[in-house]
Amino acid sequence: MTTLEPYAVYVHWPFCLSKCPYCDFNSHVRDSIDEDAFLQGYLSEIDHYAETHPDITISSIFFGGGTPSLMSPKTVAAIIERILGHWSAEGGKSEGDIEITLEANPTSVEAGRFAGFRAAGVNRLSLGVQSLVDADLKALGRQHSVAEAMEALRLARQTFPRYSFDLIYAREGQTLEAWRTELAQALELAGDHLALYQLTIEPGTKFQGLYNKGKLVLPEEGLAEDMFFLTREMTASAGLPAYEVSNHAKQENRSRHNMAYWLGRGYLGIGPGAHGRLKHADGTTTATNNWKKPEAWLRAVTANNNGRQEYQQLSAHESGVERLMMGLRISEGVAMSDLPKGVVDESAQKALCDEGFLKLDNGRLILRQKGQCLLDHILVTLLA
Amino acid sequence: MFKPDKIRNFSIIAHIDHGKSTLADRLIQTCGGLSEREMTEQVLDSMDIERERGITIKAQTVRLTYKANDGETYALNLMDTPGHVDFAYEVSRSLAACEGSLLIVDASQGVEAQTLANVYQALENDHEVISILNKIDLPAAEPERVRQQIEDVIGLDASNAIAVSAKTGEGITEVLEAIVTELPAPEGDPDAPLKALLVDSWYDPYLGVMILVRIKDGVLKKGMNIKMMAAGTEHLIERVGVFTPKADIIDELGPGEIGFITAAIKEVAQTHVGDTITTVKNPVTEALPGFNPSKSVVFCGLFPADTAEFETLRDSLNKLRLNDASFEFEPETSAALGFGFRCGFLGLLHLEIIQERLYREFGLDLITTSPSVVYRVNMNKGEVIELHNPADMPDVVQIASIEEPWIEATILVPDDYLGAILKLCEDKRGIQQQLTYAGSRAMLVYHLPLNEVVFDFYDRLKSISRGYASFDYNMHEYKEGDLVKMQILVNGEPIDALSMMVHRRVAEKRGRALCDRLKTLIPRQLFKIPIQAAIGGNIIARETISAMRKDVTAKCYGGDISRKRKLLEKQKKGKKRMRTFGKVAIPHDAFIAALKMSDD
Ligand SMILES: Nc1nc2c(ncn2[C@@H]2O[C@H](COP(=O)(O)OP(=O)(O)OP(=O)(O)O)[C@@H](O)[C@H]2O)c(=O)[nH]1
Ligand SMILES: C[S@@+](CC[C@H](N)C(=O)[O-])C[C@H]1O[C@@H](n2cnc3c(N)ncnc32)[C@H](O)[C@@H]1O
Ligand code: SF4
Ligand SMILES: [Mg+2]
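Chains as they are written, first to last, in the working numbering: chain G, 2 to 385; chain F, 155 to 754.
Please keep in mind that the hints were generated in silico from the structure rather than gathered at the bench.
Note that the Cβ used here is the ideal one computed from N, Cα and C, for glycine as well.
Hints may contain errors.
To spell it out: a stretch of chain G is covered by chain F in this simulated footprint if at least three of its residues, at any positions, have a beta carbon under 8 angstroms from a beta carbon of chain F; those stretches are [to be verified]:
{"hint": "1", "stretch": "225 to 233"}
{"hint": "2", "stretch": "259 to 270"}
{"hint": "3", "stretch": "321 to 327"}
All chains, full assembly: derive it from the sequences and hints.
Right, here's the structure in full:
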C-alpha cells in the first residue's frame, strides 16, 4: 500500500469511576480492571495495524474515554512507545512534533501522575472541567468540585506545553448572564484551546429519562441560540475564535487530532468501541468499529489481534456524506471538489446560499453565521 | 347431503365486541370441527388485520356437525358476522341466508346500539331469535338485569335467554340444544329446479373465485352447468364444498344447505352478491329478491407517497377489490399530489382498514386526503352534479344550492353522559327525533348530517362517554344546507388535499382547529410558515409555525461518525417521503392526522 496521508491514532480507555447522567460514551464502571491484560490488548491491536498498514505516517495520538487519566502512566508510555516504534511522524517531522493528547478528569489529580503522562510523551492535556459552578457540577453528576478543577488546571498549565478544557453549557436553569460570567472566567483560565459544548440529551442516558418526564428542562431554543452566538463573540474577542461548532482556538493551536476527523483523513481506532477510517490507494475508505464492551473487545483482540466488530467498505457516496457533514463543522468548510457528484442537492444548495445560510467561497462550501447553529437541519436539506 | 329437517342455519349477531367470534370458537370446538392444536382465539377472524384489531370484518360461515340429545345428527350452519356499523352490509347478507339468529348480549354491558340495529334486521328477515347473555364469568356481569333490558328495550321474550361464558364454555351445550329445538328447519324441495342464493364471493389464492351459496330448492353438484340469473352468465361447477371451518370438498349441496362452489371464474366482479343461481338445463323462472347493493358513503383520495408507485397502487387496489367488492375507486389527479385514486368506502373504519391493508400487504405508503361525503350540487341551469371531491366544486356563482346527506342515528348512552352527548349532537347540527329511557340508559334518535359524522363523531362519542355510548345509523335523506368550501393554505399555497366542504356555521371553528393541528404536524423549517384557512378569498383562521433557531450536534466524539451519518440518511429518507408544497415539506401522515381532530 502506498502512503497517502498521515493517520491519526485514537486510543480508547473505556473505564470511569462513575457514570455521568448525561453521558452516552463508551464508558463503564468496574470494581477492578486487569490493566496489564488491556495493555496487551492495545499492543496487539497496534501491531495488527502495523502489519496491515506498515507505510503510513502518524500525525497525532489521542487517548480518549472514558477516563484515560485513570490509566497508569506506565501503560500510556508503553502504548506511545509501541506506536512510535512502528511508524514515524508525518512529513518527516520529529517524534516530538506529533500531537499526543490525553483526556483527564479533574478528580483526584496528583502532580506525580501528570508528570508521569508528560514523561510518557503526552504533550497536550484535555481536561473535563464541565462547569465553573459547584452546584451545576453536582447537577451534572460530576465527582469533582470547582476548586479541584482549578487545581487540575494549574497543574496542567505547569506540566504540559498545551492544554484545553471542556465546558458543558446551556444547562438546566442557566441564564444568558450566568453563562456570560462563567465563560469570561473560563477565558481567563484558558490555555490555547477551549471546547464548549451545549448540553445534549443523548439516547439511553439518565438525563433522557428525566427530560422525557419533564423533570429536566433545557433552555428554550431561542436562549440556546443566543448562548451559542454569545460564545462565538466572547471567544473571538478573547483570541480563541471558533474553528468548529464547539471548538475554539487560533489556527496554529487547533486540535490536530480532531481536525483529522473534520477533514476526512484516515485514523486508526484502538481499544473498545473505537472507530477507524482506513484509506485505500484507490481512494476508497473502510469504516471499522470495535466491540464496545471492554471484555468483548479484549476477548476479540486476544483471539484475532484486532477487536473489530465491523469492517465495512464505504461507498463513494457514503464517504462523501461524511466528508460534507464533518467539513461543514469547521470554519473553512468543505471543498466541493472533494465531494462526489450526487451528494449535494444543487437546487437546495442554491436556495440555502440565496437565503444566507451557506456560501460558496473559492469552491468551498461554508456555513454563514445564520446557518452555524442550524447545521443538522441544513444537512438534511442539502443532501441529495 | 343432510335432509332439511336435520339442518339449522343461523347468524350470530351482536354489538361490536360482545363475543360473537368467541362463541363461534366454543361451538366449533364443542362440535369437534378443529382439533385442540388447530384452535386459536377467534379462529374465524383469519385476516391479520382482524386478529390484530380483535374485530371481525368479514362474515364467515362454518358447518358444524352436532349429535343432539334426541340422538340425531344435525348440520348446524353458523355465520359469524361483524359488529361494527361499517360492515352492516355483511350482516344483512348473512341474515338472508338463515332462518334464525343467536343474539348475543354482553351481560356486563347490556343492550347497545348495534344490538338493536341487528336484532331488528333479524326480525325483518323473519328470524327466530335465541337470546344469549354472554360473559357471565365477568364479575361485572348482571345477567338478570340484562335479561330484563332485552325485554324492555327490544321487546323480545327473554325468559328463555341462555346465560353463557364464551370464554369458559359454560352454557355452550344449552346453546347447541336450543339451536336444534328452537330454531326452525329450512324448507325446500330437492326435486324442484335448482334455486340458490349467491350470498358472498371472494378470491382465494389457491382455489380462485369462491362463491358462498344457500340452496333454496334442488341440488347443486360438481359438473353441473349453472346460470347466474342477474349476471346472465353460465359456468361449469368445478368444486362443491363446505367450511368445517377448513374447506372440505363434498359431493353435493341440497335444499337448506349452505356451502361453497368454484367454477373457473376469473374475477369476483363477474359475480353479483344476491344473484340467483339455477341450472342451464332446467332453470327456474322467478329469481330470489336479492340484496340492495352496498353503497359507499365516504370518499377520499389515495395518493402514493412516492409518486413512482402509482401503477403499484392501481394493481394493489385491483387485487384488494377481488376480496372486498364494497369499495370503489377511480383515477384522480391533484395539483399538489399528482396521480392517485378517488375511493369510496362504507365508513371511516373501512377506509382505515383498506389503507392499512395497502400498506401491509403491498408495502404502499399513502397520502389520504380529507374524507368527504357525496354532495348534490344544484346548478343555476338546472343540472345536478354529484360532488365526491371538494376539489371539483364548481364556481359558486353558478350554484343554486347544495344538498348534503343526512343520517338517522340511534345512540344508547348511560344517563350520566346524556347531557354531554346531547351537546355533541347539537354541535354537529343534529336534530333530535326521540329521547326515551330504558332503565338507566337513554335511547336517542337524531338526524345528523353525515359530513359531521365522518369527521370525528364516533371518536368523540366514545371519548365523551368513556366508551359507554353506542351508535348505529342509516342513511336518511338529502337536505339543502349552507355549505361552503374551506381551503387550507400553507405558506400561501393552497393544499387541495386538505380542502373540505363545511357548513358555514362551523367553518371558522373547524378552520381554527385544523390550522392549530397542522401547526403541530408540520415540522419547523428554517423560515416561518403561515398556515391559513380560507373561504373564497376570506381568511377565517391563521397560525404560524416559527422558524427553527438551533439544531446542531454539539459533539461527534471519537471518530464515531457512522452513527451520525446513518441518522442523517434516515432523516433524509423521512424527508423524501414528505410532499413539498412550495417550499414546505409536509409529512404524509399529517394529512389524515390533521383531519382526525376534535373541535375543541
Ligand atoms: N371474560 C369474557 N370475555 C369474553 C367472553 N366472550 C368474549 N370475550 C372477550 O371479548 C372480546 C371480544 O370478543 P369477540 O369474540 O372478538 O367479539 P365479537 O363480537 O366477535 O367482536 P366483533 O366481531 O369485532 O364485533 C375478546 O377480548 C374476547 O376474549 C366471555 O364469555 N367472557
Ligand atoms: C469523552 S467525554 C469526557 C472525557 C472525560 N471522561 C470527562 O468526562 O471529563 C468528552 C467531552 O464531551 C462532553 N460531553 C459529554 N457528554 C455530553 C453531552 N451529553 N452533552 C454535551 N457535551 C457532552 C464533555 O464536555 C466531555 O468532557
Ligand atoms: S462524561 Fe466522562 S467521566 Fe462521565 S461517564 Fe462519560 S466519559 Fe466517564
Ligand atoms: Mg367477531
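Do the hints match the structure? See the list:
Using a Cβ-Cβ cut-off of 8 angstroms, 3 residues of the stretch 225 to 233 of chain G lie near chain F, which meets the minimum of three, so the contact claim holds. By the rule of at least three residues with a Cβ nearer than 8 angstroms to a Cβ of chain F, the coverage given for the stretch 259 to 270 of chain G holds, with 3 such residues. Counting residues of the stretch 321 to 327 of chain G whose C-beta lies closer than 8 angstroms to any C-beta of chain F gives 4; at least three are required, and the coverage claim holds.
Violated hints for the displayed structure: none, as all numbered hints are satisfied.
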